[in-house]
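With the hints as extra help, turn the sequences into a complete structure.
One line per chain: the protein sequences are A and B, in this order. Quick note, the first sequence lines up with residues 1 to 654 if you use this note's numbering. Quick note, the second sequence lines up with residues 1 to 641 if you use this note's numbering.
Keep in mind the hints are simulated off the structure, nothing from the lab. Hints are supplied without guarantee of correctness; some may be wrong.
Claimed, not checked - Stretch by stretch, here's where chain B covers chain A in the computed footprint (C-beta under 8 Å, at least three residues): (1) 132 to 141; (2) 196 to 208; (3) 224 to 236; (4) 553 to 564.
Ideal Cβ positions, reconstructed from N, Cα and C, are used throughout, including at glycine.
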Amino acid sequence: MGLLSDPSLSTHNKLVDNLAKHVRKLCLALYTAGVVWFLCLAMPEFNHGTYLSENALSPGLVYPEIRIEANRLAVQLLEELQRERKEHQSTTPHAWIAAKFQEFGLETHTHNYTLRYPFGDGKEFHGKNIYGILRAPRIGSTEGIVFSAPYRVPSSVHVDITPSVPLLLAFADFARRKNYWAKDLIFLVTEQEQLGMQAWLEAYHDGDKESDSSDAYLRAGNLPARAGSLQAALNIEVQDLEVDYIDVKIEGLNGKLPNLDMFNLVQRIMAREGVVSGYKHTPRKKRRSHQSNYEQNLRQMLAMLSSQASGVPNGNHGLFHRYRIDALTITASKRVTNANVKSNPTSAAVPLLKAIEGIARSLNNLLERFHQSFFFYVIVNNDRYISIGDYMPALIALVACTFIKAYLTWSTLDVTVAATQSDPKSAGGKSTLAADTMKLSLPYGSVLIYLTFVLLIGYCGNVLPLQEYFSKLPLSAAPLTASILVGLNAIGFVLPFVVTLPPGGLELLHIGLLLIYGCAMIVIGLLNFSLGFFVAVISMPLIIALNTKASDKSMRNLTCVWTLLLNPLVIIYIIVLIMSFYQFPELTALQLLPRAASAAMDAATFALIDSVIYGNWLYFVVCTIFLPLWIISWTLVVGKRRDVEITKTKLKTN
Amino acid sequence: MLSALSTFLPPLLLLLLWTPLTPTAHGHQPDEQFHEELVVRPLAGDHVNTYFQFTTRWHYGDRNNLFHTQLTPRVIAEILQTYDVKELHISLTQGLWRYESWGYPIVDATGGAELWAWFSASNLTNDAVNKQWMQLANVFSGVLCSSLNFVDNTNSIAPRHIFRPQFMHHAGENGKQFVRYATLPREIVCTENLTPWKKLLPCGSASGLATLLNSGFVHNTKYHSLGVKVRTLCDHDDDNNCIVELTQTANLVYDLKLLEQSNTDFSLRRLFGMGLNGYCELATSSRIYAQRSEQGERFQLVPPPAFNVSSIRGGHRVSYGVYDIQQQFEAAAPDATRLFNIAWIGEKSAGGGRRLAVSALNLPPLYAHRYLLGNGQKRGRIATEIRNTHYEDLPVVLLELVPWYVHAYLHTLRIRNKAQQRREYATDVNDELPFKLLHYAPGKQRELPTHLEIGFVLPAKSSAMITIEVDYLLLKWLEYPPDANHGHYIGAAVISTQLPMGRNYSALPPEAHLFKDSFNASRPSYTLTLRTEALIVSLPTPDFSMPYNVICLACTVVALAFGPIHSVATKLMIVERQTTMPRNLLRKLIHKLKSRWGSKKEEATSVQETATDEKQQQQHEEKEAEQQESVICNEQKQANM
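The following block contains the structure:
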């Protein structure tokens with residue numbers, strides 16, 4: 001405490017004096033600097049052109065050998081599969097896929113898994129993945145690459161991506177005849193979207209996990225065969241063999257990204273084979289709008305950050321990142337532009353097949369795991385990126401003012417406390433003398449208890465919805481989770497009105513809030529920049545405006561409203577509302593509001609399920625960090641008023 | 001059951017000593033023989049196994065005879081003289097033998113380089129063996145052009161139970177037996193190993209079956225393994241009555257699909273790029289055995305073999321078509337230059353479906369897999385899964401050699417068991433299989449690897465999962481290999497068992513030295529040794545880009561400094577009064593103006609300068625004087641020189 005209670009840091013300090021005078025301006029300046037810095041990043045002067053850092057990849061060093069026969073095979077397999085699909089409306093034709101793998105001479109295996117649904121009294125779902133391993137002639141099964149294609153049943157609500165499986169099979173047949181493979185190739189067909197992939201990966205890396213332990217929701221089981229340590233993975237989602245353009249998806253679980261080299265590799269090889277490809281690629285018609293280069297870049301950046309922020313992977317590739325396997329998805333879209341100009345169907349997919357071959361051979365060249373280039377980056381354009389060193393200053397600038405404010409609040413603590421606590425007459429002379437004793441006599445204990453209680457509320461949000469006690473209630477998952485969350489928020493809302501902190505407690509709480517908030521934002525920003533940045537942008541004004549000292553009433557009301565709007569539940573509702581407004585423009589406002597409410601409930605439930613099955617920490621962060629922080633700021637906004645009222649009444653009585 | 005492993009060998013070895021010493025009709029020395037054999041076995045899934053075995057057997061008798069070698073390479077004779085090694089196995093392998101689909105190999109080997117040797121002599125100590133072991137590895141590193149010189153005490157162990165000696169020493173020596181074992185899983189096997197390996201043969205690659213081993217074709221296979229095995233057999237009573245046996249093996253598995261042809265027929269020419277040009281004239285016998293049972297049934301041989309041999313071993317019948325190459329070439333016209341070729345032509349009627357059915361039925365009685373579990377760079381689990389598809393319990397011994405950079409914890413060792421039809425392993429601790437024997441020597445950082453040997457009985461129709469938890473060590477930065485992010489290797493586990501029947505089993509009996517000796521060699525049990533996959537672990541790896549940059553920077557600085565220092569040290573320095581006048585007239589004018597204006601300005605400023613500045617100037621001048629002096633000294637020195 002010696003350093004912090006150093007008398008030189010008292011109000012008589014010049015620095016503190018000046019800081020206290022200009023703190024709001026400084027904070028606003030820092031905030032603006034952060035936002036402006038971020039906006040500047042979209043300018044070509046502030047970002048860099050992509051390049052390949054790993055020499056071993058050497059994309060396009062070899063001539064593609066895959067020929068039109070592979071395409072013919074793919075077309076033929078697609079026809080067969082379409083016939084199979086008529087018989088399997090809601091199941092995967094496992095037998096057909098396994099038979100094809102076997103026919104092509106791959107080591108074929110199936111993997112069964114079971115999902116015990118967290119809600120609904122232990123309902124169980126079963127799934128089955130099929131994979132074939134091409135044992136590479138040049139290695140003793142110590143390393144492997146995964147090529148995966150998700151299979152969607154005809155009754156699925158998602159886009160039909162049936163041709164991915166024939167394409168994968170055609171490539172497998174080609175690869176089987178080659179002797180240059182130096183890594184085992186695993187061809188994997190998963191079902192049930194990301195669940196199948198998650199189960200497969202878990203089985204691959206934790207196959208000996210004991211399955212009848214009751215806390216596991218996903219029982220992945222074990223795999224009958226493996227191919228050493230996985231180096232990279234490519235997920236293929238093809239809507240049609242006639243490809244219009246390719247959208248490369250990279251965002252993974254919790255905002256993790258594959259190595260930038262891998263993305264560049266795909267871009268280079270696609271360009272070489274003449275396939276239109278890009279990050280967040282859209283059909284040509286839309287892109288032909290009159291946007292400036294800068295605006296396009298900014299849109300691209302924001303699009304990436306917004307899809308990264310939720311931490312939900314936008315393809316099966318995203319689940320690999322947790323195991324340090326670099327992976328991405330190439331999504332080939334059906335021909336929309338120039339749909340009347342039919343290309344020759346017997347050679348339509350040849351460029352795509354060539355590209356897959358090129359990627360496979362480049363990955364095959366890898367001597368080491370991906371370790372060069374960047375793992376943290378923001379893509380501005382297909383060939384431009386921002387590295388972590390360039391975008392972190394924006395976040396730091398945004399958050400920096402919390403620490404300044406915390407310092408200032410701490411060093412001016414004695415004055416404010418003295419002013420509110422003791423008589424105004426005797427305050428003048430004694431306050432500085434009593435500064436040291438004052439700091440020691442602050443209500444640390446009660447503030448700590450309050451903080452613990454608030455964090456406990458957040459913890460309950462994590463744990464309560466999964467309790468068996470609740471799951472036995474005759475409620476479905478979404479209302480249950482939502483009601484628990486609303487209940488916890490209500491407790492947080494009422495808390496400041498029920499609990500009155502002793503004098504000086506609010507100031508201490510304020511310091512605590514500033515420090516916790518600042519640290520949390522930087523840590524979250526390091527792990528998932530998008531989430532940290534967006535939360536900082538919307539919540540920093542409140543943190544700047546928060547003031548325990550008495551200020552004018554309109555300002556206080558404004559902060560009050562702003563705080564209410566920043567409640568995590570309200571934010572989720574607003575986001576869902578905006579999204580549903582754009583998705584269903586035909587609905588009226590009255591129809592929209594309840595619909596968005598139910599959608600928001602679903603969103604909360606899905607986030608919870610994601611967190612227990614896939615390990616997505618968005619729900620955890622919102623419950624354990626954002627909710628307690630909100631309750632503290634709400635306490636500061638509301639509780640101060642009571643504090644002031646008390647002193648006012650005291651004054652009156654005097 | 002396990003005791004059978006150790007007891008049955010020595011009496012058998014006694015039998016064989018005198019059998020091969022009968023003189024042959026051939027011209028060269030009767031007590032030294034060379035045999036070449038090639039076994040071709042079609043395997044399931046369009047694979048073909050070709051196994052070359054070159055055996056040199058020399059009854060050298062007295063130790064002094066080792067100085068005069070004929071067919072046996074000199075290096076082998078020399079190591080027998082220099083070291084107390086009695087038995088030596090080296091294998092250099094690329095790829096992995098797939099037991100599930102290919103059955104058992106004739107000689108088993110792990111990926112990379114593997115080396116084990118038995119030492120025995122009177123008064124031999126452990127330290128002496130360690131020393132000899134490293135020297136021996138160094139010798140063969142040179143002989144086979146491989147990295148065996150990396151074998152030292154940090155990666156070698158002395159297995160207790162899994163390896164049994166196959167040599168015989170006379171009773172008088174009475175010394176202890178020492179064994180050393182090491183693997184180098186990272187070793188890559190290529191032409192540079194094949195060429196010196198072929199040079200050990202009496203005929204080299206000039207004639208005989210070895211001409212088929214062309215590197216372009218040998219290394220285009222799915223699995224290839226070169227082996228060298230040396231053992232000595234000495235009379236129990238007489239020290240000067242010894243045999244040295246050198247067996248060189250090349251075990252290849254071809255994938256017919258990689259040969260880029262439409263059907264699955266094949267021939268010697270397809271596999272090796274050329275036919276056979278003859279036999280090695282120094283060879284006592286040179287034969288080709290083509291397996292005609294099992295997967296071989298579907299092929300017709302063209303030309304048909306001279307005769308067929310059928311062997312019943314452990315209740316399992318195998319038949320081979322035999323080609324005697326010497327007869328083949330002697331029967332042909334002496335001036336015929338045609339290369340000898342054998343073609344395997346599949347029956348067109350037999351569909352692929354039947355082949356699949358056969359391969360599915362023929363799962364070998366015991367096979368194993370190994371993998372690494374867990375994620376992250378801090379800790380993991382090594383899991384070895386052994387499956388017993390036989391209807392009897394099998395005794396199993398497992399050897400694990402865990403390198404020092406991975407810490408294994410014995411208390412986490414578990415052997416879980418499950419019946420074949422069950423999907424998951426039993427979790428109850430009581431259901432775990434009990435150890436019958438356990439030998440554990442903990443590793444020591446940078447000094448000793450962890451050595452673990454477990455013996456247990458694997459119940460019939462069940463599988464066992466052996467897991468042990470490991471921690472990954474953070475190495476010193478110089479201990480990382482150049483491609484640090486590739487990962488570090490953990491060598492394969494060795495698994496040994498006693499099979500009660502001979503299905504899928506084709507290894508030579510321990511006392512035999514030719515492939516034909518394995519025909520009808522029924523025994524009460526058959527020792528089977530398997531190797532699992534090697535593993536790659538990614539240890540915590542620092543970002544090496546920073547040291548790399550530092551090295552680059554340091555090198556640049558040194559390079560920049562080198563030039564001036566070199567020129568100062570070697571060149572003669574002459575101080576010359578420089579005429580500063582430029583030659584051009586216009587420039588002369590400008591220069592004059594400048595110098596005048598500059599001197600005026602200097603005067604103006606010098607007035608304002610303080611005393612301290614003057615001091616500095618004085619110092620500066622002094623320094624200059626000194627420098628000039630030193631330059632003069634230099635000049636003098638140069639002049640003196």
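Hint check:
Three residues within the 8 Å Cβ limit are the bar, and the segment 132 to 141 of chain A against chain B gives 6, so the coverage statement holds. Beta-carbon proximity to chain B at under 8 Å applies to 4 residues in the segment 196 to 208 of chain A; the threshold of 3 is reached and the given coverage holds. Coverage of the segment 224 to 236 of chain A by chain B holds [criterion: at least 3 residues with CB-CB distance below 8 Å; count 4]. Restraint check on the segment 553 to 564 of chain A versus chain B: 0 residues with Cβ-Cβ distances below 8 Å, three needed, restraint violated.
Violated hint: 4 only; the structure is consistent with all others.
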